[in-house]
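A.B. asks: Take these sequences, add in the hints, and give me the full structure.
With mature numbering (1 follows the signal peptide of the UniProt record, and there is no 0) as the guide, the letters of the sequence shown map in order to residues -20 to -1, 1 to 254.
Hints may be right or wrong, so weigh each one.
Under the rule of at most 27 Å between Cα atoms (straight-line distance), these lysine-lysine pairs were calculated in the DSS-like manner [claimed, not checked]:
1) K112 - K88
2) K112 - K94
3) K112 - K56
4) K65 - K7
5) K65 - K112
6) K56 - K88
7) K7 - K88
8) K94 - K56
9) K7 - K112
Since the hints were made in silico from the structure, they are not lab data.
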Amino acid sequence: MSANLQVLISVTVLLGLVSCEPVFDIKDPAFIEGCVREHNRHRTSVSPSAANMRYMTRDEGLAVTAQAWARFCVFKHNIHLREVKRMHPIFTSVGENIWAGAPYSSFKPESAVKSWADEVRDYHYDTNQCTKVCGHYTQGVWADSYKVGCAAQACPNGVAETRFSTQPGVIFVCNYATAGNYRGVSPYRAGASCSSCGRDTCENNLCRNSTRDAPQRYNWRPDWEPLRSSANSTGGSSDSLFCRAVVIIRLISIPFIFASVYCLQGRYQLFAYE
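C.D. replies: Take a look at the structure:
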């Protein structure tokens, strides 16, 4: 066996050590911060300026709902959006934005949120009309949507209903409360920033309220949530442990793989043509 072929086998084995799908944790502070910060970045800079734009904070229940739907790995809106009690234990309406991409490395929460916000180029505030798709943008800057919960899911068998459904990919879901995108209603009231905040404080052009912005905890999960053993998804601590176990097994296997190659190299010749 040639030295080049031995190197090729070595590289293949080492690449296998990092083949586990990425695991996204909805409780990861960096993930949460990235999602919330990016939403507020676009809410604070709308044009014309908003008189009543509320500051957006993360909601645990919305994140749980987003995670449950993302684990189906299908690029379609949650079929339970109109069944409010199956979407959240408290809120009476929930909105949703979805992004999907491949490969895994294509996903960053900030980039996904920005892709929704970039639809502003197709939205005209004066007429409240879109020249193309802009509903993701209007939901993101809906003044009364003050809570958000996001989740990302690795889909090793692909994201259904996409043009890259045969490739490993990622689906990213954000849920909002209260829901936006009511027909005939503008996403916010144009005017001097914070001029319609009432008793709220104004921070970076957004209306803040310590009571409204406080985090809430819920002992709740949606009754339609798929089993964690879903064949087309990875996520959560059990998947993380599985990936670690696979890596350990592969590390242990390296000496045996090279021993097998050494024994076989005298029997078989492998050829490559260029």
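A.B. asks: Give a verdict on every hint.
C.D. replies: Checked hints:
| no. | hint | result |
| --- | --- | --- |
| 1 | K112 - K88 | holds (24 Å) |
| 2 | K112 - K94 | holds (17 Å) |
| 3 | K112 - K56 | holds (19 Å) |
| 4 | K65 - K7 | holds (23 Å) |
| 5 | K65 - K112 | violated (32 Å) |
| 6 | K56 - K88 | holds (20 Å) |
| 7 | K7 - K88 | holds (16 Å) |
| 8 | K94 - K56 | holds (19 Å) |
| 9 | K7 - K112 | violated (34 Å) |
Of the numbered hints given earlier, the model fails hints 5, 9; all others are met.
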